[in-house]
Amino acid sequence: MKVFVCIKQVPGVSEVRIDPKTNTLVREGIPSIINPYDKNAIELALTIKEENGAEVIAISMGPPQAEEILREALSMGVDKAFLLTDKAFAGADTLATSYTLALAIKRILKSAKNKKDYLVILGAQAIDGDTGQVGPELAEELDIPQITYVQKFELKENKIIVERIFRTEEVVIIETQLPALLSVLREINIPRFPTMSGIVDAYTKKEVISLDANELKPDKRKIGLNGSMTEVWKIFIPERKAEQIIIKGTNEEIAQELCRNLKNDKIL
Amino acid sequence: MSIFIDDELCTGCGNCVENCAFSGIEIIDNKAIINENCSFCGACLDGCPVNAILIEREEFKIEKIDLSQYRGVWVIAEHYKNIVHPVAFQLLGKGGELAKELGVNLTFVILGADFDDRLEDFSLYGPDKIIYIKSPILKQYYSDLYVEALSDLIIKKKPEIILIGATPTGRDFAPRVAKRLNAGLTADCTGLEIDQNTRNLLQTRPTFGGTLMATIRTPNSRPQMATVRPGIFQSPERMRKKTAIRKIEYNFKEEDLVTKIIKVIDKERSSVNLEEAEIIVAGGRGVGSKENFEMIEELAEVLGAELGGSRVTVELNWLDQDRQIGQTGKTVSPKLYIACGISGAIQHLVGMQNSEIIVAINKDRKAPIFNVAHYGIVGDLHEIVPVLIEEIKKNKNKE
Ligand SMILES: Cc1cc2nc3c(=O)[nH]c(=O)nc-3n(C[C@H](O)[C@H](O)[C@H](O)COP(=O)(O)OP(=O)(O)OC[C@H]3O[C@@H](n4cnc5c(N)ncnc54)[C@H](O)[C@@H]3O)c2cc1C
Ligand SMILES: Nc1ncnc2c1ncn2[C@@H]1O[C@H](COP(=O)(O)O)[C@@H](O)[C@H]1O
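Listed in order, the protein sequences are those of chains X and A. For my numbering, count along the first sequence from 1 and bump the result up by 4. For my numbering, count along the second sequence from 1 and bump the result up by 28.
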């Protein structure tokens with residue numbers, strides 16, 4: 005069985021701050037990290053490997069420096085890593101991303117003994133784009149069932165049984181067969197840290213295989229910017245809604261002033 | 029697709045570097061240089077005072093589709109145990125405005141098993157048409173059935189805009205439908221507008237956890253699909269209206285399903301209704317203890333408000349999980365939001381920054397919550413809140 009994990013390099017988002025004085029982004033020291041949800045995806049893949057035996061393959065589409073996160077995945081215990089990198093892939097929206105990821109998965113499956121014996125695991129969403137669309141679009145491209153927002157997983161023979169969050173209060177237990185695609189929530193597990201020998205292996209015994217457009221032979225209309233139906237028209241820093249009033253005085257004065265203001269605003 | 033810097037124009041001022049969220053530009057030898065981090069988003073263009081940056085988009089080589097074949101605005105509902113998620117009605121409100129601007133019909137689409145006697149009620153929210161896809165099995169949500177039925181219908185009817193609530197369910201079927209139709213889809217929108225010249229839908233959404241906003245459009249393809257965050261738009265006033273109702277019976281069978289639902293578990297359903305509350309009083313770590321939270325509760329009570337809080341307060345067990353506000357909790361947009369002892373981490377802000385009026389009480393003048401607050405009170409909440417409660421009571425008695 006093959007378990008594919010799709011991982012994305014993102015800026016450590018909680019570090020992104022706006023400088024209130026200049027109204028610009030403060031980016032100093034923002035590290036690039038594995039999308040946090042994707043670490044949970046890797047962890048799930050590794051547990052499946054330990055319990056059922058499987059080959060775990062990490063795939064990322066991104067610029068050359070995304071190799072770093074693939075090395076980290078290898079050092080956590082992933083068996084193989086593929087980096088889909090080419091200028092032609094740049095500017096991809098989720099449609100083009102899922103198309104490109106699917107090409108790589110299909111190519112790797114070609115040499116597999118059993119072409120239906122596989123699982124694809126993704127993070128529920130990437131913290132930069134925050135769309136959560138790549139998973140379902142990839143499942144459609146591969147023509148396999150999808151279960152998104154998974155918080156619990158079990159594999160029994162070829163059956164998958166998962167708990168999916170439906171709404172905040174509701175959980176649904178769903179069963180399906182391999183092949184299938186899952187997107188996982190942070191709650192599903194606690195990702196392991198790489199071991200020392202894992203890190204050494206990642207840099208000496210294992211390799212990150214780069215695939216470009218020549219090797220993946222995509223339909224040029226479906227990759228990168230050409231394959232993206234959505235277009236970012238502009239990016240801006242959200243405006244502050246109102247001038248801010250700092251209310252000062254004794255506690256009584258503050259309370260009175262606030263009530264007066266809220267009355268003027270027709271709230272009280 | 030390429031991006032250029034005109035070296036002759038570039039003054040090396042570095043504005044573009046400041047505006048780039050991706051670290052995609054550097055200043056080297058006093059000139060801007062694009063590096064491989066560039067995502068071609070174009071944020072640098074606006075900020076360049078000398079117009080030295082140029083993005084060339086290749087004209088679409090794909091067979092151009094005739095966009096004018098596509099007309100009409102659709103809202104697709106989602107339900108659980110026969111309760112339609114309120115975001116569907118909020119979208120009927122917004123969708124109605126968009127349809128009016130475009131001069132087209134508004135259609136409400138629902139898939140289910142027992143909605144026959146609810147259709148009249150749905151019509152009160154203003155759709156011109158209702159399409160009801162009926163099948164006994166659609167009592168439950170199945171990805172594959174939604175995708176199949178909706179894709180078929182969209183291919184036949186060709187709407188230009190499709191709005192879906194950004195709930196876990198909407199975000200499950202919408203992308204798969206978009207892929208099948210090769211349609212652009214924008215996730216989790218918080219703003220929707222029409223560009224009258226092109227009939228393009230301008231879809232605004234937070235990225236980077238809300239630090240930045242992006243406006244996205246789908247200029248070359250139709251339909252334009254968007255999932256929209258619950259609690260952003262208002263449900264319309266209900267009124268009587270003539271609505272055309274179309275029922276389509278599908279004969280889905282259990283054996284056609286690729287996934288099977290074995291069990292549905294309800295977590296204990298709470299009566300907490302933060303998404304629809306007009307006033308919310310929320311507490312953070314600054315409240316100090318579970319006992320102190322009673323004071324916050326009392327403030328909520330005198331205001332007739334719902335009680336909420338930051339994730340920290342949930343983790344400390346001062347507050348129930350379903351009252352958490354923010355990225356991993358609820359998104360709210362009340363008329364009044366009072367934040368007591370909340371620092372205003374970005375993950376909290378994304379859940380509440382759309383509130384009409386925000387009041388922040390915090391002893392640290394530098395806390396980021398003050399960046400979004402309309403009224404800021406710098407001080408110890410343990411002293412201020414009790415006085416505020418008394419003052420509000422006084423005001424009430426006067427009325
Ligand atoms: C992936 C992820 C998801 C997250 N999701 C959420 C989410 O959904 N919602 C959420 O809220 N957080 C979320 N967080 C956590 C978030 O980053 C912050 O840690 C959290 O919001 C901080 O809560 P707080 O403001 O209550 O606490 P703190 O940051 O500790 O702030 C307490 C504040 O109280 C003030 N204070 C202390 N004593 C007093 C006093 N006596 N009077 C007045 N002021 C006082 C302090 O000045 C301080 O500003 C998430 C984090 C991550 C990584
Ligand atoms: N460029 C990419 N390369 C590999 N996996 C990706 C990429 N973009 C998104 N993914 C996967 O899709 C998930 C959802 O991403 P998104 O749809 O962008 O929110 C992520 O958690 C990853 O698992």
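These are calculated hints, taken from the structure and not from any lab test. Given the structure is predicted, the values throughout are model-derived calculations rather than measurements. Be careful, since some hints might not be right.
[What the hints assert, rightly or not] If you want the footprint, here are the derived chain X segments under chain A, 3+ residues with CB under 8 angstroms:
hint, segment
1, 140 to 147
2, 194 to 206
[Claimed, not checked] Per label pair, the in silico range of CB-to-CB distance:
hint, chain 1, residue 1, chain 2, residue 2, range
3, A, N210, X, K114, 20 to 26 angstroms
4, A, R266, X, K114, 52 to 58 angstroms
5, A, R313, X, E256, 40 to 46 angstroms
[Said to hold, decoys possible] Here are the simulated EDC-like pairs of lysine to aspartate or glutamate, each with C-alpha atoms no more than 16 angstroms apart in a straight line:
hint, chain 1, residue 1, chain 2, residue 2
6, X, K267, A, E384
7, X, K270, A, E306
8, A, K421, X, E256
9, X, K160, X, E179
10, A, K291, X, E261
11, A, K167, A, E282
12, A, K363, X, D269
13, X, K163, X, E55
14, A, K421, A, E329
15, X, K91, A, E306
16, A, K269, A, E148
17, A, K109, X, E174
18, X, K238, A, E221
19, X, K110, X, E261
20, X, K270, A, E282
21, X, K252, A, E329
22, A, K185, A, D156
23, X, K267, A, E306
24, A, K422, X, E59
25, X, K120, X, E54
26, A, K421, X, E261
27, X, K53, X, D121
28, A, K288, X, E158
29, X, K267, A, E64
30, A, K291, X, D269
31, A, K275, A, D156
32, A, K128, A, E221
Idealized CB from N, CA, C, for every residue including glycine.
Status of the hints after comparison with the structure:
For a cut-off of 8 angstroms, the count of residues in the segment 140 to 147 of chain X with a CB near a CB of chain A stands at 5, and the three-residue condition holds. Only residues whose beta carbon comes within less than 8 angstroms of a beta carbon in chain A count, and the segment 194 to 206 of chain X has 0; fewer than three means the coverage is violated. At roughly 25 angstroms, the beta carbons of N210/A and K114/X sit within the given window of 20 to 26 angstroms. Taking the beta carbon of each, R266/A and K114/X are about 57 angstroms apart, inside 52 to 58 angstroms as hinted.
Against the hinted window of 40 to 46 angstroms, the Cβ-Cβ separation of R313/A and E256/X comes to about 26 angstroms, which falls outside the hint. Of the pairs offered as hints, the one joining K267/X and E384/A holds, with about 14 angstroms between alpha carbons and a cut-off of 16 angstroms not exceeded. With a CA separation close to 12 angstroms, the supplied pair K270/X and E306/A stays within the 16 angstroms bound. Only pairs whose Cα atoms come within 16 angstroms are accepted, and K421/A paired with E256/X is accepted, the gap being roughly 13 angstroms.
For the suggested pair K160/X and E179/X, the alpha carbons sit about 10 angstroms apart, so the restraint of at most 16 angstroms is met. For the hint linking K291/A to E261/X, the alpha-carbon distance of about 54 angstroms lies beyond 16 angstroms, and the restraint is violated. Only pairs whose Cα atoms come within 16 angstroms are accepted, and K167/A paired with E282/A is accepted, the gap being roughly 12 angstroms. For the hint linking K363/A to D269/X, the alpha-carbon distance of about 10 angstroms falls within 16 angstroms, and the restraint holds.
Restraint check for K163/X and E55/X: the C-alpha separation of about 14 angstroms stays at or below 16 angstroms, so the hint holds. Of the pairs offered as hints, the one joining K421/A and E329/A holds, with about 10 angstroms between alpha carbons and a cut-off of 16 angstroms not exceeded. With a C-alpha separation of about 49 angstroms, the suggested pairing of K91/X with E306/A is violated against the 16 angstroms cut-off. With a C-alpha separation of about 10 angstroms, the suggested pairing of K269/A with E148/A holds against the 16 angstroms cut-off.
A threshold of 16 angstroms between alpha carbons decides the hint, and for K109/A with E174/X the separation of about 10 angstroms falls inside it, so the pair holds. Distance restraint check for K238/X and E221/A: the Cα-Cα separation of roughly 14 angstroms lies within the 16 angstroms cut-off, and the hinted pair is therefore satisfied. At roughly 66 angstroms between alpha-carbon atoms, K110/X and E261/X are farther apart than 16 angstroms, so this suggested pair is violated. For the hint linking K270/X to E282/A, the alpha-carbon distance of about 54 angstroms lies beyond 16 angstroms, and the restraint is violated.
Restraint check for K252/X and E329/A: the C-alpha separation of about 25 angstroms exceeds 16 angstroms, so the hint is violated. For the hint pairing K185/A with D156/A, the CA-to-CA distance comes to about 15 angstroms; that is within 16 angstroms, so the pair holds. For the proposed pair K267/X and E306/A, the alpha carbon gap of about 15 angstroms is at most 16 angstroms, so the pair holds. Only pairs whose Cα atoms come within 16 angstroms are accepted, and K422/A paired with E59/X is rejected, the gap being roughly 69 angstroms.
Distance check on the hinted pair: K120/X and E54/X sit about 20 angstroms apart at the alpha-carbon level, beyond 16 angstroms; violated. A distance of roughly 15 angstroms separates the Cα atoms of K421/A and E261/X; the hinted pair therefore holds under the 16 angstroms criterion. Of the pairs offered as hints, the one joining K53/X and D121/X holds, with about 13 angstroms between alpha carbons and a cut-off of 16 angstroms not exceeded. Taken as a hint, the K288/A and E158/X pair is honoured in the structure, with Cα atoms around 15 angstroms apart against an allowance of 16 angstroms.
Between K267/X and E64/A the CA atoms are separated by roughly 53 angstroms; this puts the pair beyond 16 angstroms, and the hint is violated. For the hint pairing K291/A with D269/X, the CA-to-CA distance comes to about 48 angstroms; that exceeds 16 angstroms, so the pair is violated. Straight-line distance between C-alpha atoms of K275/A and D156/A comes to about 14 angstroms, which keeps the hinted pair within the 16 angstroms bound. A distance of roughly 12 angstroms separates the Cα atoms of K128/A and E221/A; the hinted pair therefore holds under the 16 angstroms criterion.
Hints 2, 5, 10, 15, 19, 20, 21, 24, 25, 29 and 30 from the list above are not met by this structure, while the remaining hints are.
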